[in-house]
Amino acid sequence: MTQSSSGFCRKITIYAGRGLLDQSESGVSCLVGTALEHHTKYQYQFTDTNTVFAGQQPPSAPLPFPYVASLDDPQFPTATVTDGNLTIPDADGWVLRIVGSDNILVYGAGLYSFFDNYSTTCSIQGGGEICQYRNFEVLDSSGVNVYNLNTVGTHEMIEVDGQNVAYYGDNLDGFVDAVALFRTSGSP
Numbered sequence: 000m001t002q003s004s005s006g007f008c009r010k011i012t013i014y015a016g017r018g019l020l021d022q023s024e025s026g027v028s029c030l031v032g033t034a035l036e037h038h039t040k041y042q043y044q045f046t047d048t049n050t051v052f053a054g055q056q057p058p059s060a061p062l063p064f065p066y067v068a069s070l071d072d073p074q075f076p077t078a079t080v081t082d083g084n085l086t087i088p089d090a091d092g093w094v095l096r097i098v099g100s101d102n103i104l105v106y107g108a109g110l111y112s113f114f115d116n117y118s119t120t121c122s123i124q125g126g127g128e129i130c131q132y133r134n135f136e137v138l139d140s141s142g143v144n145v146y147n148l149n150t151v152g153t154h155e156m157i158e159v160d161g162q163n164v165a166y167y168g169d170n171l172d173g174f175v176d177a178v179a180l181f182r183t184s185g186s187p
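Numbering that gives the first Met the number 0 applies: residue 0 is where the sequence shown begins, and numbers increase by one.
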């Protein structure tokens, strides 16, 4: 979506290097039933946008696509992160990024990473959620509201301005790890 667009998208499936990049500054974006999967940089990214509703997004890795600063691509400086005796992949693409945006509502976010290198041992319940280190990032944004965030296989559930704010071990809920409501400053 361009800077001057509005859109209502539903039942969209796209496969590419980057997922959906919403840079709309003057419209309302409503994404319902979209399924952006298997992108290498990110699945969904909201940059310098406002007034967004997104319902139910899914998740993947950044090579061979080069970093493009003008598209606010994420950078992955390390391949892995160590937490105690766990080594966790840290160069996998973000599932959801919200960058320089305001007034974002995500209702029902299932951000799942079931495997790493074709192995599902990283998502076994009680195994440390080590398929992916993190998959949801908020940068320089306000008024972000996420209702019913569920993750599988992700060690750190939410990162805000470089700080991890939700750890899977604090949010165990059966098979998934769940946060009922996440809000940033400026939320109504």
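Quick caveat, the hints were computed from the structure, so don't treat them as lab data. Just to be clear, a hint being listed does not mean it is correct.
[Unchecked claim] Pairwise CB distance ranges (calculated):
hint: 1; residue 1: 99; residue 2: 5; range: 30 to 40 angstroms
hint: 2; residue 1: 79; residue 2: 162; range: 14 to 24 angstroms
hint: 3; residue 1: 144; residue 2: 84; range: 34 to 44 angstroms
Every residue gets a Cβ at the ideal spot worked out from N, C-alpha and C, and that includes glycine.
Results of checking the hints against the structure:
1. 99 / 5: 30 to 40 angstroms: For residue 5 against residue 99, whose Cβ atoms are near 19 angstroms apart, the range 30 to 40 angstroms is violated.
2. 79 / 162: 14 to 24 angstroms: holds (20 angstroms)
3. 144 / 84: 34 to 44 angstroms: Once the Cβ atoms are compared, 36 angstroms apart, the range 34 to 44 angstroms for residue 84 and residue 144 holds.
Checked against the numbered hints above, the structure violates only hint 1.
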